[in-house]
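Novice: Sequence:
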Amino acid sequence: MLIEVRQAILPLALRRDARRWDDLGRASLLIASLARHWRDRAPFRLLVVAPHREVGTLRRNLPRFANIDLSIRSEGDFFPAFSGFYFMHGWHRQQIIKLHVPAILGFGGYLTLDSDVCCVGDFGATTFVTDGRALSQWAYKSRHDWWRQTAEVVGLPHDPADHGLSVTPNILHGSLAAQALEHFRIGMLSPTMTLSGWLIRRLGSVPWTEYSLYTCVAQLRGNLFDYHVPWATSNDTPLLSYSHSIWYPSQCERLSLYTPSCRPDAPFVVLQSSTGVSLALVKAAIGRLISPASTSSTPDL
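Taking the numbering used here, the leading residue of the sequence shown gets 1262, the next gets one more, and so forth.
If you are wondering where the hints come from, they were derived from the structure by calculation, not from laboratory data.
Ideal Cβ positions, reconstructed from N, Cα and C, are used throughout, including at glycine.
The reader is advised that the hints may include incorrect statements.
What the hints assert, rightly or not - Computed Cβ-Cβ distance ranges for the label pairs, DEER-style:
1. 1341 with 1517: 44 to 52 angstroms
2. 1343 with 1278: 24 to 32 angstroms
3. 1493 with 1419: 16 to 24 angstroms
4. 1281 with 1347: 18 to 26 angstroms
5. 1304 with 1347: 30 to 38 angstroms
I would like the entire structure built from these sequences, with the hints used as guidance.
Specialist: Encoded structure:
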């Protein structure tokens, strides 16, 4: 049974050029926004997992807040030197971190985050929990072909009209994360080696994501809804505001929606840096949502 969600995982790899400071700034904005909106007496636990070469930089530069228990650890703490993890592209590395690390550490319910995510509404330990299960974000499987490819390998019939867990941010459970990875342990081959080999064989496509692995294996085992409220009975957008999120350059005009009279309809938004939206514009938009009365006692964004 899931009682609360008071921890999150954030994979973070800084780019090796001038844009690394933009990555750092976005991660700092995310942490500050969590501190502003976390509503619980006990601190929110945030685990950042980064390449070893970047751990020192992150520890020196990421902001600290009394209500955020921030821990920054190296990828090497969780993946041995010859792990299949290191054969993966950075995007898939981040996906595996969201499953492998919580499984290793025995997480219960946890929130998945990326540095392009920002918190824009209050939440607490029980906000995304009801009747012992997680109120997670869902999406139609027909939207992406990786659902079909994952289902084929897992051995699950593919139904495009079915729903699976949607993109980051989302709520997962450590037990199902461990179950998803163990499904791909083949003899002496670790799950990460099996999955990295699958990536190599399917060059030019996206054969899996963390959420398709997690969902399909749990559906095959029949225990997905032991941990998650089914999509048909959950709030359509419990975590993520689609109206205020930006994934494509054509959506950048949505920044004009960030006003006190047109607030996001969920606690989190995604503002992809790849769209060209600058960190300064993101900060300005988020700042417009903050009432003057609240600025004296809450973290600066």
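Novice: State for each hint whether it applies.
Specialist: Hints, verified against the model:
Checking the proposed 44 to 52 angstroms range against residue 1341 and residue 1517 shows it holds: the Cβ atoms sit about 48 angstroms from each other. A C-beta distance of roughly 28 angstroms is found between residue 1343 and residue 1278, which places it inside the suggested range of 24 to 32 angstroms. Under the hint 16 to 24 angstroms, the C-beta atoms of residue 1493 and residue 1419, about 19 angstroms apart, fit the expected range. For residue 1281 and residue 1347, the hinted distance range of 18 to 26 angstroms is satisfied, since their beta carbons lie about 20 angstroms from each other.
Range check, residue 1304 to residue 1347: about 32 angstroms between beta-carbon atoms, so the 30 to 38 angstroms window is met.
Consistency note: the structure conflicts with none of the earlier hints.
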